[in-house]
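Could you build all of it, start to finish, from the sequences and the hints given here?
The residues making up each chain are set out below.
Protein chains: 4
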Amino acid sequence: MKILVTGFDPFGGEPVNSALEAVMGMADEIAGAQIIKLEIPTVFGLCIEKVREAIITHQPDVVMCVGQAGRRFGVTPEKVAINLDDLPYGADNAGNCPKDQPVAADGPAAYFSTIPVKAMTEAIKAKGLPASVSYTAGTAVCNHMMYGALHLAATEFPELRAGFVHVPFVTKQVVARPGFPSMKLEDITTALEACVETIVKGEEDEKIVGGQTH
Amino acid sequence: MKILVTGFDPFGGEPVNSALEAVMGMADEIAGAQIIKLEIPTVFGLCIEKVREAIITHQPDVVMCVGQAGRRFGVTPEKVAINLDDLPYGADNAGNCPKDQPVAADGPAAYFSTIPVKAMTEAIKAKGLPASVSYTAGTAVCNHMMYGALHLAATEFPELRAGFVHVPFVTKQVVARPGFPSMKLEDITTALEACVETIVKGEEDEKIVGGQTH
Amino acid sequence: MKILVTGFDPFGGEPVNSALEAVMGMADEIAGAQIIKLEIPTVFGLCIEKVREAIITHQPDVVMCVGQAGRRFGVTPEKVAINLDDLPYGADNAGNCPKDQPVAADGPAAYFSTIPVKAMTEAIKAKGLPASVSYTAGTAVCNHMMYGALHLAATEFPELRAGFVHVPFVTKQVVARPGFPSMKLEDITTALEACVETIVKGEEDEKIVGGQTH
Amino acid sequence: MKILVTGFDPFGGEPVNSALEAVMGMADEIAGAQIIKLEIPTVFGLCIEKVREAIITHQPDVVMCVGQAGRRFGVTPEKVAINLDDLPYGADNAGNCPKDQPVAADGPAAYFSTIPVKAMTEAIKAKGLPASVSYTAGTAVCNHMMYGALHLAATEFPELRAGFVHVPFVTKQVVARPGFPSMKLEDITTALEACVETIVKGEEDEKIVGGQTH
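Protein sequence lines correspond, in order, to chains A, B, C and D. Be aware that the first sequence starts at 1, since it is given in our numbering, and climbs by one per residue. Be aware that the second sequence starts at 1, since it is given in our numbering, and climbs by one per residue. Be aware that the third sequence starts at 1, since it is given in our numbering, and climbs by one per residue. Be aware that the fourth sequence starts at 1, since it is given in our numbering, and climbs by one per residue.
Since the hints were derived computationally from the structure, they do not count as laboratory data.
Same chains, same label: a pair holds when it works inside one copy or across any pair of copies.
Straight-line alpha carbon distances no greater than 30 Å define the calculated DSS-like cross-link-like pairs of lysine-lysine that follow:
{"no.": "1", "residue 1": "Lys201", "residue 2": "Lys172"}
{"no.": "2", "residue 1": "Lys201", "residue 2": "Lys2"}
{"no.": "3", "residue 1": "Lys99", "residue 2": "Lys201"}
{"no.": "4", "residue 1": "Lys184", "residue 2": "Lys172"}
{"no.": "5", "residue 1": "Lys184", "residue 2": "Lys125"}
{"no.": "6", "residue 1": "Lys50", "residue 2": "Lys2"}
{"no.": "7", "residue 1": "Lys125", "residue 2": "Lys99"}
{"no.": "8", "residue 1": "Lys127", "residue 2": "Lys99"}
{"no.": "9", "residue 1": "Lys99", "residue 2": "Lys172"}
Predicted, not measured: the structure shown is a model, and the values here were computed from it.
Here you go:
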């Protein structure tokens, strides 16, 4: 089994991106599966292109994208991605600030994750680390990437499964940010490895029938 | 123009539901439109049935459902409803506690609101009241009702527009709940009336192309 | 009975100060007591001077100072003031930014409120409004004023009772501040009037023996 | 130099106390100073007795007490202890639930820390860990212990310096508590060792003149 795990480059003036750092710390082989790690740009459109190229090159069974969500208290696998790009303020790393745009003009309103978010959450908690399922990946580059990966699977790579995991700041990022939660870098990496183990073991959540082929 | 506005009955042991109280305080005519107010049960399935019956009886142009979200700081029009019923704990007022069930087995993964959430949010703020667009209505009865109303529009009532607005606790509900935000009942009612005015005036958000017919 | 109630002028770039607005809306007579309302400057030292002058002029029985605490969810009578001026950043309205300075070089480490904070809190809640006792008034001008008033009572005006009440933002202040709690202006005024009623009725908390003469 | 560091036993039904675990993980010698670690009971009165006995036995130069504060985001040295025991609900580990009682009937209203809270905070941050000075230790056993240690110094052991540090939950404590911040156990221990190094090096905050002899 081959799993492509992606992390975004730093954005918003941050020197680091906790997601990228945690991804790069993951083992190269987990539960017998080969892990391919990829840094992708925090840029609308381009991030999906980079993942598409990597899918063609590496032919993974699963794409698990990882992003930083600075207000989250634990690791949060995302259940759903919506067909909406909308930055209320700020811009991505290429200066894009879309308002009310679709990710894919021909895509459905949303895709549910095809990796098992509840089982992944339980696996993280079993490691003694905080986790919960999230039902919104926002409307910025993270949701865009998750939707994009699931849309690639739906339209070009029918065997591919895909999903997204948001992670908190690492501790060093909150030293000058009183009131922000964080996790230790090694712990975030452990949590991501637990997600991968869950996928490799073939664990599945109960299926949602509506909205998506299974 | 005719607008059906619904509020849920109290749940979770609460003596009141801020949404229902605020809805019942709305004017019967707003900006020339007739307002029909309906109490609906906080019960999966049944709430949609009640709204369907009211649509047949009253033939409204718009259905705006309103629900209580006790941790919210302002009034939050919902952008999207997902095809997922999932109560992690507790039950609805009839004892149902669905896990990972679709709202509609034959429905799409999500529907976007067909009432203008950004314009409604700006109208509320123009009244001096806090508001923001929300991108998750959760996975409980509120999301279920929003998805259900949009699914009715998509499958049975093609002229109908529908959406959902979450409101905070009213002030009296937080007296014994230190650390919970609230709004004054009259202010929530004013905010809901501002939403209706926005709809009646024909204001629209930019359209999302993907995922839904417009 | 005569009660001097003070509110600070706006600071920090805010167009209004919720404390001042709420104080100015109070009745001129409450439960038979005369209410004297005074705007005071958000300036270390000067605010105490202004209150001292008003005490000499009006000879009140009680001084109740009121200040804005923008993160608070309800009205919070303060139990204790400490002998410490310390602004970690920013400055008062005259540009002062003291670090680790005493309010009064010859004063004790702290004074407890001599108005009944628990009874006041219960009276506010009995009006259906959120309230709780606070055990820190911070280290900025609010704590400075509370300490200053109690030090005046201890050193110059032995019959005088004094205390401090923090209030949240009023609703209009949070329209552009998602995630901040607020209260309606009239409700803050009602809460302050409930505090005064409690004082006039002669209600008392249990006394703390240590640290202070009673 | 000899430093007595105390941690409370678990309370409130928790299987562990993050403060105690972190204290027990500290080195036995830090920057040349001998560290004496002591578990104390989460019981009003008794905890002070235990510390008094340990002072007599070990004759430390400094007592640094450590307690758990489950809502805190970082390590927070406490600036001030007040002469007030007040549990709004619940009880200590011996069933005591004092209301509005003084810690010491003959004591002052408050004591400021005699270990340097700002310097300690900076030392923790220099290790890449979150910290801030706190201006309230509450009104439960933690504040009681801090006040008690400073009152012992003021009345019986004039050479002794004392203070208190609150620490967050350790990560394992928040697995089943979504929305609570935490720190890694090793990081809390590192933070406490940084506090001790600061004390040993003789660093001092600016002195507060009022309220206390220096």
